[in-house]
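Protein sequences appear in the order of chains S and L. Following this note's numbering, the numbering of the first sequence begins with 1 at its first residue and continues without gaps. Following this note's numbering, the numbering of the second sequence begins with 276 at its first residue and continues without gaps.
The set of hints was computed from the structure by calculation and includes no laboratory data. Here the structure is a predicted model, which is why all the values come from computation and not from measurement. Yeah, the Cβ is synthetic: ideal placement off N, Cα and C, and Gly gets one too. Incorrect hints may have been included.
Covered, in the sense of this in silico footprint (three residues per stretch, anywhere, with C-beta under 8 angstroms from a C-beta of chain S), are these stretches of chain L [as the list claims (entries may be wrong)]: (1) 395-407; (2) 422-435.
What follows is a set of in silico ranges between Cβ atoms, one per label pair, in the way DEER data are often shown [as the list claims (entries may be wrong)]: (3) R378/L to E260/S: 40 to 48 angstroms; (4) R149/S to L392/L: 45 to 53 angstroms; (5) G242/S to R378/L: 53 to 61 angstroms; (6) V302/L to G165/S: 38 to 46 angstroms; (7) P94/S to V415/L: 54 to 62 angstroms.
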Amino acid sequence: MPDRTQRTEAGAHTTPASVSWPIDLSHVTVRYPNGVTALTDVSLHIASGEMVAVVGLSGSGKSTLIRTINGLVPVTSGAVRVGPHTVSALSGRPLRALRGHIGMIFQGFNLADRASVYHNVLVGRFAHSPTWRTVLGIAGANDRDIAMRSLESVGMLDKVWGRAGALSGGQKQRVAIARALSQEPAVMLADEPVASLDPPTAHTVMSDLLHINRERNLTVLVNLHLVDLARQYTTRVIGLRGGKVVYDGLAAHATDADFEAIYGRPIQSRDRLDR
Amino acid sequence: MAATELAVPPRPRVWPRIAVVTGALVVITVLTTLPTLGGVEVDLDAIARNWGNGAERIGKLFRPDLSILPRTWEPLIETIEMALVGTAIAAVLAVPLSLWAARPSNPRAATRRGVRLVLNVVRAVPDLVYATILVAMIGVGTLPGIITLILFDLGIVVKLVSEAVDSADASYMEAGRAAGGTQTQINRLTTLPQMWPMFASQVLYSLELNVRVSAILGIVGAGGLGRLIDEVRGFYRYDSLATIIAEILVVVILIELLSNFLRKRLR
């Protein structure tokens with residue numbers, strides 16, 4: 001009996017349906033083994049429930065910044081804190097457990113094309129289920145239920161048994177969002193989520209992210225290079241250039257001149273989604 | 276737009292490299308074919324001298340003796356059974372080995388190199404050597420033949436499949452890692468379906484090869500048609516040998532047709 005209460009408590013702790021975490025970076029520098037310095041002394045505080053755009057040209061350090069938050073890229077110096085955890089101090093099992101609470105979507109969707117949509121979404125349950133269960137291929141009823149609900153919330157439930165590779169780009173990204181949601185995350189990261197999509201689909205995906213941010217009060221950090229999407233969907237803009245934060249302010253107040261300062265060149269039509 | 280001078284970069288010179296490669300090939304050819312320099316002896320006269328013997332045997336091969344057919348059924352079925360069992364066991368073993376031998380699915384260099392080294396050794400030893408040693412260890416019969424086929428198949432399947440995993444796009448693994456998955460979880464749920472068509476294709480190919488190989492293994496006592504081949508050859512019954520060869524040919528072609536059909540359906 002005491003065992004059962006403990007498990008319920010643990011379950012309640014690991015499935016924070018409405019928990020949202022702040023993100024803190026203090027003096028973060030990332031230098032890759034090939035000598036390239038991707039981030040230089042970056043300090044940021046992102047409050048829980050914020051919807052933040054990180055803008056900058058390719059090579060500005062956006063992708064590196066977002067990957068330090070879930071430890072996919074280790075920091076060279078400085079500290080990254082997400083909620084109660086210090087990412088930069090973790091490795092192995094505790095790091096995987098933490099990643100289980102941080103959802104991420106990618107520019108290239110990163111789905112296993114030959115696997116079913118269902119199996120792709122179950123990837124989001126990795127950190128929440130024991131390895132032997134995955135190896136034997138028997139998902140728990142709870143994992144299955146969460147996966148189905150995530151697919152339902154992005155309107156992709158009817159495709160659950162189909163192959164991921166057979167979907168269109170927009171559908172793939174929605175499955176990828178469902179995969180991240182099935183982690184029941186406390187933070188959502190998105191690395192150029194609409195760069196491979198056509199304009200109407202891009203708006204759908206950004207709306208989905210905004211919806212997640214509002215509905216679940218989830219902290220959302222999204223890398224973008226399109227000026228109008230940053231203004232329309234986010235509340236705060238962080239500008240990166242050459243691995244340094246060169247702008248940090250409300251999205252509503254960010255003028256074209258501010259974006260030109262971030263990009264280091266005049267705004268062009270390719271910097272907007274709706275030309 | 277007026278036609279402007281194009282700044283074409285200078286074309287790199289390739290003839291010195293071609294000259295070096297050609298020169299090296301010529302030198303190697305000369306060294307390996309001149310007996311005075313320790314090369315192999317190529318005696319074209321021998322073909323003319325022994326032509327009579329060969330012609331008679333080839334003549335017999337073209338007049339197959341069908342009376343041996345009833346005696347071939349049992350070893351033929353044994354050969355096919357060996358090929359099937361060997362392929363099936365090798366396929367099961369090849370799944371984890373292929374995953375351990377590929378870089379994306381096994382980031383640990385130590386175990387990856389270990390598996391690759393062992394498989395390189397396994398591949399380097401000829402199948403008849405395995406069969407001979409195993410017959411000495413286990414005794415005459417199908418078991419040493421089956422173990423030989425398993426080793427032979429593992430060498431092929433694991434090498435080709437792990438190289439395919441190495442060169443395939445593995446961006447889905449980043450998603451698995453970002454979700455906090457262990458490498459085992461990522462491999463089981465996503466890498467396995469990604470490599471499955473390639474894997475099945477290689478396993479079918481190894482089944483084709485197995486029928487040919489297992490027909491030979493009997494010569495050293497490892498079961499199957501080879502035993503019969505060895506026997507009729509010993510009695511210079513080239514007409515009977517022709518029947519057995521034709522039989523193997525038919526079976527190989529049938530299995531090839533079947534595997535081509537299955538492979539097309541995989542895509």
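(request) For P94/S and V415/L, compare the CB-CB distance with the range 54 to 62 angstroms and indicate the outcome. (result) holds (58 angstroms)
(request) Starting from the hint 53 to 61 angstroms, judge whether the C-beta atoms of G242/S and R378/L obey it. (result) Between G242/S and R378/L, where Cβ atoms are some 32 angstroms apart, the hint is violated.
(request) Return holds or violated for the Cβ distance of R149/S and L392/L against the range 45 to 53 angstroms. (result) Cβ of R149/S to Cβ of L392/L: about 47 angstroms, so the range 45 to 53 angstroms holds.
(request) Check whether three or more residues of the segment 422-435 of chain L sit with their beta carbon closer than 8 angstroms to a beta carbon of chain S. (result) Per the Cβ count (0), the hint is violated.
(request) Given the range 40 to 48 angstroms, decide if the beta-carbon distance of R378/L to E260/S lies inside it. (result) Holds: the Cβ-Cβ distance is about 43 angstroms, inside 40 to 48 angstroms.
(request) State whether the coverage of the segment 395-407 of chain L by chain S holds or is violated, taking the criterion as 3 or more residues with Cβ-Cβ distances under 8 angstroms. (result) Since three or more residues must qualify, the claim that chain S covers the segment 395-407 of chain L is violated, with 0 doing so at under 8 angstroms.
(request) State, for the Cβ atoms of V302/L and G165/S, whether the hinted interval 38 to 46 angstroms holds or is violated. (result) violated (51 angstroms)
Checked against the numbered hints given earlier, the structure breaks hints 1, 2, 5, 6 and satisfies all the rest.
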